[in-house]
Amino acid sequence: MQIVQQILFVLLAAAAVILFARKVREIRRNIKLGKDTRINDNPSARWRNVLLLAFGQKKMFKRMTPAILHFFVYAGFVIINIEILEIILDGIFGTHRLFAPYLGGLYNVLIGCFEILAALVLISCAIFLVRRNVLKLKRLNQGELDGWPKTDANAILATEIILMGLLLTMNAADYNLQQIGSHHYYNTGSSFWVSGLLAPLFSGMSETSLVVLERSCWWLHIAGIFAFLNYLPYSKHLHIVLAFPNAYFAKLVPQGKMENMKDIQNEVLYMMEPDKAPADAASAEPHRFGAKEVTDLSWKNLMDAYSCTECGRCTAVCPANITGKKLSPRKIMMDTRDRVEEMGRNIDKNKEFVDDGKSLLHDYITTEELRACTTCNACVEACPVSIDPLSIILQLRRNLVMEESNAPQEWNMMFGNIENNMAPWKFSPDDRDKWAQELAEG
Amino acid sequence: MHIKTMAEFMAEGAQPEVLFWVGCAGSFDQRAQRITKAFAQILDKVGVSFAILGKEEMCTGDPARRSGNEFLFQMMAYNNIQLLNGYGIKKIVTACPHCFNIFKNEYPALGGEYDVIHHTTFINQLIAEGRIVMKEGGAFKGKKITYHDSCYLGRANNIYEAPRAVLEAMDVELVEMKRCKTNGLCCGAGGAQMFKEDEPGNKRINIERTEEALATGATVIAANCPFCTTMLMDGVKNKEQEEQVQVLDIAEMVARSL
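Line by line, the protein sequences are chains A and B. If you read the first sequence in our numbering, its first letter stands for residue -19, the second for the next number, and so on. If you read the second sequence in our numbering, its first letter stands for residue 63, the second for the next number, and so on.
Everything labelled a hint here was simulated from the structure, so no lab data went into it. Using N, Cα and C, we set each Cβ at its ideal position, and we do this for glycine too. One or more hints might be untrue.
Pairs of lysine-lysine, BS3-like flavour, derived with a Cα cap of 30 Å [said to hold, decoys possible]:
1. A/Lys118 x B/Lys243
2. B/Lys153 x A/Lys237
3. B/Lys301 x B/Lys206
Footprint (simulated), chain B over chain A, 3 or more residues, beta carbon under 8 Å [unchecked claim]:
4. 85 to 93
5. 305 to 312
Using the sequences provided together with the hints, build the complete structure.
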């Protein structure tokens, strides 16, 4: 009987890992649909960001309540994983609490700590559910979250509550089994700091029922973990993985610095100084200015999209969104991910991308949204996982203006004024130093 | 007071300590001209040798670049860099955070490398060096003042303390808005919004920001950017508070405290 359980477990674990690895490869391929850019300068500053922003969650602490609750869930997730390792090894070898004999008293303390963390995770997730569904916090209930994104968020929270519940119930059953001296159940003393409180609920049960309960919880818990692992790539929850590389590849230059377009710089240079133009400059392949499609963005832009947790801190601080404009930086990121995933499915189906008559610009992100941006960098500053929505907005704006000549009339006038009068307003360049003359005249 | 141009310095075979890059708003906008004049007066009074480019100055291309017109930006940048490098400019001070940002962060890649400083940082340095000495019991001593962080000085370039230090040197009572420093709310002008109507929404951004500034009970809203100044002044007028509340650039406040 035991060997059947072991075989089943190994098969389940293998299936979970293989499926997950396949999905990871797919996401990697999708991210690489973006343009290649090298981001490898200054590794020490980059590792610092990984430590501070990802491990330390520095930016989360701008908002204390969610920061503390999130920290419990994060710490719980990372630390309880040590126990998952034991659970997996137990599953493979058919053992029970494999580490216990080796760690002795320390094991009991660890189990106690895991239980406290599990309880904190459970409580935090419950509060998160209340914030989303009862208190209805604005940033967690805005339009772009309608439908799947809200379901996704609630599903993750509910799953975590169930998983932690299973873990604690399992321990409570285990505790009772230890009390009655059941064979196979290793005596861990009184280390069940939380489930010990639940144990009396099951104290009247027979040994067989307790074993069934304990085994059921054990199986459901680990099967739940494997299911969760495979749900991750489809979910906003993928940030638990990508927050780390995304922090590493975060922009290190001042936020105000816009990316230069070397090709246009050269075009202007060759126009002004024709002798500097290389012989083949004119025959250079025509290409697209700015971004119309996710493939015009950089791979970092696309990794940003996959890292987004849809928490809405960006949108909550966006001056355009606050004042009722259509722009929402979070939606920019969600649209980018939706589109890159759509392209990925297209490639899976047709071996290579077959034009579907759609593009990120217009079909997902509208002109009205793009034109509302004040480039204030509040969204970039707010993001806890180093996402740069402004980078995407500005690349799409370049496409609108340079490829489609799609600018509001006032902007076209401003362009004309800069070109002809060297100022965005219609003033004569001769009047530029009028203030100085006025000052001279007193 | 005569303000010399770079051409005049060149003719004399001299170099000023610093080039004062006035910017388009500072040159043409009537409200911003007052900021320009105030800053020029400060420089003149404390004896900083400075020049302007006068009629030769051109838009840096910031609104063109932010709205998506990279061609126009590159044209402007090329011409400006030719001009600045031609004069051998080393150090630039400007009262416009947008010009500051583009010189500091974006011109270097195009061959325009200068030591660029925003006027509030420059004033703060002059105070620290003892070159600017404020009047005892100056015009703003003890007055309740709130400071609006511009996006292009604040988040874009992480300059939050120098402007506040200047205000402190004037012995003001600084009251912060709820959204300040890294969390500061935009005035609504950036990203070339200054040059177009708002997209459809339920409020103007400058009104949202002005309401927050007025809620502090400050009698002066201190700014560091000609565009913010315009936006906030419009907001104060919209709220019919222009009798009680002034919107002033830090340079104007310093000029009145000398």
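Cross-check of the supplied hints:
Between A/Lys118 and B/Lys243 the CA atoms are separated by roughly 23 Å; this keeps the pair inside 30 Å, and the hint holds. Distance hint between B/Lys153 and A/Lys237 is fulfilled; the C-alpha atoms sit about 20 Å from each other, no more than 30 Å. As the CA atoms of B/Lys301 and B/Lys206 are separated by approximately 19 Å, the hinted pair is consistent with the 30 Å bound. Taking a C-beta to C-beta cut-off of 8 Å, the region 85 to 93 of chain A contributes 0 residues in contact with chain B, too few for the three needed, and the coverage statement is violated.
Taking a C-beta to C-beta cut-off of 8 Å, the region 305 to 312 of chain A contributes 3 residues in contact with chain B, enough for the three needed, and the coverage statement holds.
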